[in-house]
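Protein sequences, first through last, are from chains A and B.
Residue numbering for the first sequence follows the UniProt record's numbering, starting at 1 and increasing by one per position.
Residue numbering for the second sequence follows the UniProt record's numbering, starting at 1 and increasing by one per position.
Be careful, since some hints might not be right.
Derived list of chain A stretches under chain B, where covered just means 3 residues or more per stretch with a C-beta under 8 Å from a C-beta of chain B [said to hold, decoys possible]: (1) 84 to 90; (2) 93 to 107; (3) 328 to 340.
None of these hints come from the bench; they were simulated from the model.
This structure is a prediction, so every number in the text was calculated from the model and none was measured.
Glycine included, each C-beta is placed from N, C-alpha and C at the ideal position.
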Amino acid sequence: MKLLYRIGCASLLSLGLISSAQAETPRAAWHAQIGHGYSQLAAATSELEKTADSYCAAPSPASMQALKEQWLSAFSAWQAVRFVGFGPIEENTRAWKFQFWPDPKNLTASKVDYWLNGDKDITADAISRDSVAIQGFPAVEYLLYDERIIDTDKALPAERSCNLLTAISSNLDANANALNTDWTALEERYLSVEDYDNGTLQSAMQSLELLADWRLAAPIGERGNGKPNPYVADAWRSGQSLNTVHASLQGLSDYFVPGLTLLLAENDQMTLAEQFNQQLNKTLDHFEQLPADIAPLMETEEGRKSLKALLEDVNTTKTMLTGPVSAALSVVRGFNSSDGD
Amino acid sequence: MLSRRQVLRAGLASATLLSLSGCAASHLGRRNASLQLLSAVDDDKGQHFITAVSQTGEQAFMVPVSERCHGGCPQPFGDHVVIFARRPGRQMHVINTRSGALQQSIHAGDGYHYYGHGVYSPDARYLYVTMNNYTNAEGLIRVYDAMDGYRAVTDYPLDGIGPHELRLHPDGETLIIALGGIETHPDYDRMKLNIASMRPALLLMDRRNGQITQRFAPSHHQLSCRHLDVSPQGVVIAGYQYEGPDMDTPPLIARLDTNSMRFSELELPYEEVKGLKNYTASIAISPSSPFTVITAPRGHRAIIINHHSGELVQRVPVPDVAGALPYGEDGFLVSSGLGGLFLLSPESNQAQPHGDYAVHWDNHLTPGVFS
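This is chain B alone, in the form it adopts within the complex (with noise of 0.2 Å):
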């Protein structure tokens, strides 16, 4: 086990290894590449902030927020990056990637929560995100028109509760929603309130009508569908995170097949599953090649998978992991609660420091432009 402290020594000792590839900037770039990735993160002082990290690997700004912050996407255009407050927090914030400026917060509205996830159409035009109603824990998606300064245009209901990460399927058409299953609400803070009569899927929906086309169930219902990937191929992974007893070892990482609709949960060997400790956080898809990387910040580790085989093929340690992107041609960009960004790579079973920053980066990376 290795103390803050040692973590952080460790990443200052290795920062004179921090190459800045220039594949990365060609990989990510696409209009304006200025800007890496963007996350929440912690200050020592427990202050929240929205970060941001430049292609050459400079911290570019500190933008405080009052809430403590979760995931967020990038506009198709490059010009902003929306971030969310996290469960059951009621504020998104669209940052201006130029500027780095705070440009405009959204407030969920009465009765309402976010979940910490959204997505834009392929247009720009519309963002969709997860919500709660929490006056009835129904979970739904809400349209917001991005164009008409972030209005709300319409909900689409989802009959069940606790919608998670969602993502744009590459027919630019549905979009695939984790729904958790678990009911909050804002005067419970973070407290869990059905554990007992959770039902969580797997959910396709058509983004123009908000009609259901599928919905796939986890083996178990304690089993909450959280975070997930699609690759450009139409094959997507998904995490879960195990509210049942913790001596269990059920299987935390599903794939569904788009093309096929087939749903299936992979079965790693029983120490790789064990060693997850039941918790996933991010799950990112490598556009160009085979690989998926699955953070597991309990069990201070990532795997990498091939997810056209569903096979195995690296665990690599890394304290408190949780955020990732993909990075190059086929690794992965980690980040770490206790500091450090680290690159992963499928040929290697130690995490490469990446840099050294003062935060505590929080669940999950975004990049800074659309890709």
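Just chain A, same shape as in the assembly (with noise of 0.2 Å):
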């Protein structure tokens, strides 16, 4: 670390990047970051819950778009922590049940539908025993806009649908305190284990590919056979795709970028950490042009040609991780070690 005091913390508070003292090695400020954005999930979703249970008492338009509005918020919050793929997230398929995705079979409307026709009682405990299916913000979602729901005697505030809105918010609140306690509890593992540091970085560079791949031109159709897939893309219900894409962005910034800057620093490779940072912060100067969701973009050439930016952006930011920054930092790719079997 003597290192980066050399260079100077005059580029670093350039860039914004010195947030808190304690911060002092990379990996203790992506310990610190990646523990911010968990928290800040158990926060989302514990307000989630309590969202849902008054809504459920006294179901209103008033408290109906209160709802909607945490809902939101507390996916976003998901967005912005899902480029951490390491960690406890890693156990007992944690992240599905946060957001089973992709999700071509549509299971999540099965799984929602299966609970509400039957009798079976609906508690937080059994959601949690059930698929990953039913336990995360789609499914949550599924009972907020899908048609199937709403234009039905299931609307919410029916008493089966009302119960399992509070269950599914109270698993998830469960699910999210569980994950913030564990990474706090990673915390001198983490540290310690240098091996940690590939780790993250694999992670991130993993998240961005997804993004663009599959959570942006598969949708748009700039990805296999050139046919969009609307539903590939994360809430194509609630009309906000374009929305968590932004999240999870800006959560790679707030998140990811700090820790990153600092080993960058300690490399002696300034000059790369602020041009990945520059083209990052152009990838989300789009957003303050676009629309909540893909699906009206769609469907004007103009429209169109403006996600085709923001995907030659978000590509050009993978490219600038995946290449110069990974070969700057010696990161191994391995083949068999990254997807094995």
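Build the complex: two chains, separate frames, hints provided.
This is the structure we're talking about:
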């Protein structure tokens, strides 16, 4: 870390990256920032649980609006930490319990329908022991937005729908709290095991690749057979599929970039750190001009052009991380080690 | 840590050291000894191929395939080698070893996928393949008649999920099957659908009737039993992949002596187990010595053990090492996903580069001929 002080804090400060004094090493920064992201998620799911309870206790257009807003806020908090693919999130398919994705067979719908049509007791505990497809944010979204629910007598605040809403929200909150606790418990190990540098970098790379190829290129038809597939996007039911992409990129900027910058600084690569940060900010700037969802943009030539421009910048960000940044940090992205069998 | 470029450079620099020992050919050679090995590979653009290396170290062919492939097995007569699409792929490819041509591709059929491994009966008549019926997530062994155009003959149920590698016991009658315990479905690509409720096992099966004669369970339900090999004396070494928290360091190598039916897990020193990163790729037993290699691509190392005593013999750093075959009297040939083949010896803790190829070697090496 001495090296970092030698290059001077000015350049780091100009990036706005030193936010707390305890972030002395790249891994300390990552642990603190990701921990912040997880605690934000836990706070947001706790709010969601409360909002769901109040809505079901006193349904009104206003409390429905509050519920929808809180769902989006909590789902966005999840998007912001979705790049973390190692540590406690890896255990027991936890990531899917927040968001079962992709869902080509619409398992989310069949699982929710199954619970609504049956007569089993709906409790958070029962939900936690059922399929991951019933446990996550998309299941709540289905209850809130899907016409298969809202245009029928199952529409909220129908009794079983309300029971399901509060049970899923409560289970989501329990899962977010456990994740947060387990991440905190990982601190000593995360700080002492050097290999987590590699793991954290690879995790961010994979999430950017997934975001570019599947969350953006596939829905707009810039991948595979060129046929747009809107259902592979996140949050298509609620029309928030660009907001979620935005939240994930912002999460990378908030929780990943500070540690990355410190690590690049340790390796005498401040220019590269600044270039990457600029490229990510340029990508984030697109969202100022974009609506919440992909779908309306696909209807006009101009809209499609703006999506392609966004994709181009996401791809440049991705290539910069997997190419020059990865090379400068000697990241081993093994063929067998990253996806063996 | 080495970058891919550094690794490739190291490979090129040492290419002059590449010695082609005659003993390799005589050891592996049976009838048509032209091919040393086959493997699934990717090129730098991510395109999938099956490639082969001749006994003289030349890359004999590159057959493009639509899905990434995994393991394979040589037909006992040396006519062809079958390479399987990897989990949850649905094709197996019959490669003619003489012409290098893709002779036939067999589809798993509606509702089924392969796991990437198979084995022939000693008379080359039947091919036994691990599969998943993904409509009910039931693992099975499908028996193909290799002499009737790979017609599916029968299915043997396994009472379990996720069979992976299998080998034939030296008795010629018993199949030894690694049951991973993990549910997958082609619609969800490679996602693991049942990590909380896994029930992995090492199974012995009578290949004539599909009866499971023995079942051994790893010491933890999230130790997925994936790969194995068996010695001519009937000692089985199996490798696990642990699906639990990464701070745990459970045992990763199991040993079954099929003479006494004693099943045990190797107790290696903590640091050694930790260095494998809870993940083993290939197991290769040297048929003419007491040594076995286990590759650990996440740990970027291979270890050689004495499979009789269970002791660690060598720890050899090799980046992204995965494929493995016995080589010579007591050595091994291993492949790296970053490029390059390497020779390992029980006498050395360093890998010796053995040819540089512009490919990413996938998980397993398949011998070009049956031995």
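Right, here's what the structure says about each hint:
Judged by the Cβ-Cβ criterion of 8 Å, the segment 84 to 90 of chain A is covered by chain B as claimed, because 4 of its residues qualify and three suffice. With 5 residues having a Cβ less than 8 Å from any Cβ of chain B, the segment 93 to 107 of chain A passes the three-residue criterion, so the hint holds. Figure legend: the segment 328 to 340 of chain A, annotated as covered by chain B; annotation consistent (10 residues with Cβ-Cβ distances under 8 Å, at least 3 required).
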